[in-house]
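Letter by letter, the chains look like this.
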Amino acid sequence: MNDANAFDLILSGDATLFAIVALSLEVTLLATFFAAVAGLPFGAFVALTRFPGRGAIIVLLNGMMGLPPVVVGLLIYLFLSRSGPLGQFGLLYTPQAMIIAQAVLITPIIAALSRQVIEDLWEEYREELTAMGVKPFGRIATLLVDARYSLVTVLLAGFGRAAAEVGTVMIVGGNIEGYTRVMTTAIALETSKGNLALAVGLGLVLISIIMAVNAAAWGLRHWSESRAG
Amino acid sequence: MSEQRLSMFPRLLTRALIALFLFAGTSARAEDKSIVVASTTSTQDSGLFGTILPLFEEKTGIKVRVIAQGTGQALDTGRRCDADVVFVHGKSQEEKFVGDGFGVKRLPVMYNDFVLVGPKSDPAGVKGAKDILAAFSSIDEKGAPFVSRGDKSGTHAAELALWKAADLNPAAAKASWYREIGQGMGAALNMASATNAYTLSDRGTWISFKNKGDLDIVVEGDNRLANQYGVILVNPEKCPSVKKDLGQAFIDWLISADGQNAIRSYKIEGQQLFFPNA
Amino acid sequence: MRALASDLPIRFEGVSFSVRGTAILKNISFSLLKGGPAIILGPNGSGKTTVLKLAMGLLEPTSGSIVWAGHAGGIFDRRAFVFQRPVMLRRTAGANIAYALRAAGKPATEARVTHLLDTVGLAGVRTHPARKLSGGEQQRLALAKAMARDPEILFLDEPTASLDPAATKAVEDSICRFSVCGTKIVMATHDLAQARRLAAYVLLLVNGRLVEHGPPCEFFDHPQTEEAKRFLAGELVI
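Heads up: the sequence lines are chains A, B and C, in that order. First residue of the first sequence? That's 0 in numbering that gives the first Met the number 0, and the numbers climb one at a time after it. First residue of the second sequence? That's 0 in numbering that gives the first Met the number 0, and the numbers climb one at a time after it. First residue of the third sequence? That's 0 in numbering that gives the first Met the number 0, and the numbers climb one at a time after it.
Calculated directly from the structure, the hints in this document are not laboratory data. Mixed in with the good hints, there may be bad ones.
With a straight-line cut-off of 20 angstroms between C-alpha atoms, the simulated SDA-like cross-links for lysine to any residue are [claimed, not checked]:
hint, chain 1, residue 1, chain 2, residue 2
1, B, K237, A, G86
2, C, K52, A, Y124
3, C, K131, A, R226
4, B, K237, A, F78
5, B, K266, B, I254
6, B, K90, B, G71
7, B, K242, A, S82
8, C, K52, C, Q83
Computed Cβ-Cβ distance ranges for the label pairs, DEER-style [said to hold, decoys possible]:
hint, chain 1, residue 1, chain 2, residue 2, range
9, A, G218, C, G20, 48 to 54 angstroms
10, A, F6, C, G123, 52 to 58 angstroms
11, C, A68, A, G132, 16 to 22 angstroms
12, A, N4, B, K126, 58 to 64 angstroms
13, A, F6, B, G98, 47 to 53 angstroms
14, A, W217, C, G181, 31 to 37 angstroms
15, C, S64, A, P51, 45 to 51 angstroms
16, A, F50, C, R19, 19 to 25 angstroms
Just so you have them, the derived chain A footprint on chain C, three or more residues with Cβ under 8 angstroms [as the list claims (entries may be wrong)]:
hint, region
17, 89 to 100
18, 198 to 209
Note that this is a predicted model, so its numbers are computed, not measured. The beta carbon of each residue, even a glycine, is placed where N, CA and C say it ideally should be.
Go ahead and model the full structure; you've got the sequences and the hints to work with.
Here you go:
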């Protein structure tokens, strides 16, 4: 990938570039999925339940939306290192480590934002669902389903954050060529090699991909809305 | 969309995705034939590994996964048992590593040299000098901007050794013209290029660097600028997870005629960057 | 299959309800028995909605007691509520009905959904997004959702307040049908004419107090209290 510019690489179907793009999407999409699985129900739970310390939890969640990626990367690195508590799994410097790290990074975003979305919707639905005798688990499920458009936006926020960050995946992934190199770390590398034009080109490719994912989500919403409202 | 479909969703999809998660990135993970080599940014950024590693892989089928960090960080990675082999350039740091029992044995592999690069305007007036210590003294005296890696790398260690030999210590004095950035060679060169400053670089990275701007080599050839690379197997007794057979195979290849030839043949713009001396 | 336990009669005894110090209901006592529709009349702000919610079990009295056939409320199995501003789930009309059926523990079969939509004349909009229906259609859908529970008692809070005469008639027709088929209707309204049309029993609330109550012939033709007379004359309108 040395002297070509990004445009030529795309047109010629350069295998290295496509492998990097594929890995970036795989890592971030999986991370977003796991963060959603953890964050959405938790956000819904906090939205619907009153318990002591609830206010503190909400402040904590909101604050953690601003977790510095490099700090998250460092902490996970220490955990996954062979000399760390989870060392025996040998996860450091693998794509799995990157997925874990990104998931940890964006779970607070998804939990905090979904809590707000669901709490607002609950205000609207509370009496109705109570009168229908819907049980607590059913309420969470119903709110998640009915808030789906707003929640997709929440997921896109998480996705965008994960796709754009470089500190976490650099530390836990190691930017290994052909193995843990993703768009952001590739851009960082080309920058450090002085290939600034290529780095900018790759940056535009990355932005296009993020836009494409957002466009797909928009299209999905449009189609779904016309069918079910 | 309904709650029923929502509850069926998790079971199938989660199973599929967990499988995908476990196999993300490549085919099988930990059990394949691969080793992790912690090395320096100079070997990566110069493109050396990109050329010689495929030859090793073709011959042995062992995949080499390179983490490019500075010498200091690479040795730390070895101490934490997160690498199988370390391949760095910082003799005293390497010897301490082996002495402390983290490495098995240090073997020299190749050398190159450092060069002092600086702006064409040459405010310190050092261009063409043959004595690196005199050049450093000029820079200190004139207060010309100088970028230091500041990251415990081999290059940084060499730079500090030169300041010490010239009886100077801009780092401790926190001189305003001395900028420690704590980053790799590429970042240092980028900054030197952007701010028209001097910096010490290994020749390999310099030649392959694409953003030279107004910079050029101002001092080279002094004996004190020699830069020796060594390779060390991480000690399996301290780190049971080390793949010692595969790691040893890599080391053996590097110092073998094949490996040494591969290093010798790597050229950029007709210039050989690294000189094998196993 | 109806459960054997019944929630009727509902007895309010000395019920008061306050929110943050403000008294909404003051010392209300009455009974709701099996039979025709009970209409709760009164000007805006008189506490009609609160009485309905208390009788449904959505709220608890600040003082006094409410018993449902001698037991203390709790499970809403036999009761359903149509709110003044119905809340539609973000899905199709048919899906809303299906949801109500499942929430009531009944199988959400095609046949049942169709039947319920038919009872309120909404079979044609089954696949329309519920939120895009007109006000009158949403009100009727809310009615169908409530009936999905096969309730013994149906509470309605001013169901036709924001509807035009045609829609009002459609809703009233549905309510009558349900009443005739055995559901106890308890409805709040400020519309005198509607009360005259539908009531088998009338309760008048003014400023949180139960001023007068009785069968329609007595209430409309021979009101006992001053407030009742003034209300019937159209004077107590806040």
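Do the hints match the structure? See the list:
1. A distance of roughly 14 angstroms separates the Cα atoms of K237 of chain B and G86 of chain A; the hinted pair therefore holds under the 20 angstroms criterion.
2. Distance restraint check for K52 of chain C and Y124 of chain A: the Cα-Cα separation of roughly 15 angstroms lies within the 20 angstroms cut-off, and the hinted pair is therefore satisfied.
3. The suggested pairing of K131 of chain C with R226 of chain A holds, with an alpha-carbon distance near 12 angstroms, which does not exceed 20 angstroms.
4. Note on K237 of chain B and F78 of chain A: the hinted pairing holds, with a Cα-Cα distance of about 19 angstroms set against a maximum of 20 angstroms.
5. Taken as a hint, the K266 of chain B and I254 of chain B pair is honoured in the structure, with Cα atoms around 19 angstroms apart against an allowance of 20 angstroms.
6. Using a Cα cut-off of 20 angstroms, the hinted pair K90 of chain B and G71 of chain B holds, with the two alpha carbons roughly 11 angstroms apart.
7. Of the supplied pair hints, the one linking K242 of chain B and S82 of chain A holds, its CA atoms being roughly 16 angstroms apart against a limit of 20 angstroms.
8. In summary, the hint linking K52 of chain C to Q83 of chain C is supported, as the alpha carbons are separated by about 12 angstroms, within the 20 angstroms threshold.
9. The hint said 48 to 54 angstroms for the Cβ distance between G218 of chain A and G20 of chain C, and at roughly 53 angstroms that hint holds.
10. Against the hinted window of 52 to 58 angstroms, the Cβ-Cβ separation of F6 of chain A and G123 of chain C comes to about 55 angstroms, which satisfies the hint.
11. Distance hint for A68 of chain C and G132 of chain A: a CB-CB separation of about 18 angstroms, consistent with the stated range 16 to 22 angstroms.
12. Checked against the given bound of 58 to 64 angstroms, the beta carbons of N4 of chain A and K126 of chain B, roughly 33 angstroms apart, lie outside it.
13. At about 52 angstroms, the beta-carbon gap between F6 of chain A and G98 of chain B stays in the expected band of 47 to 53 angstroms.
14. Distance hint for W217 of chain A and G181 of chain C: a CB-CB separation of about 50 angstroms, inconsistent with the stated range 31 to 37 angstroms.
15. Against the hinted window of 45 to 51 angstroms, the Cβ-Cβ separation of S64 of chain C and P51 of chain A comes to about 31 angstroms, which falls outside the hint.
16. Checking the proposed 19 to 25 angstroms range against F50 of chain A and R19 of chain C shows it holds: the Cβ atoms sit about 23 angstroms from each other.
17. Evaluation of the coverage hint for the region 89 to 100 of chain C: fulfilled, as 6 residues show C-beta separations to chain A shorter than 8 angstroms, against a requirement of three.
18. Only residues whose beta carbon comes within less than 8 angstroms of a beta carbon in chain A count, and the region 198 to 209 of chain C has 0; fewer than three means the coverage is violated.
In this structure, the earlier hints numbered 12, 14, 15, 18 are contradicted, and the remaining ones agree with it.
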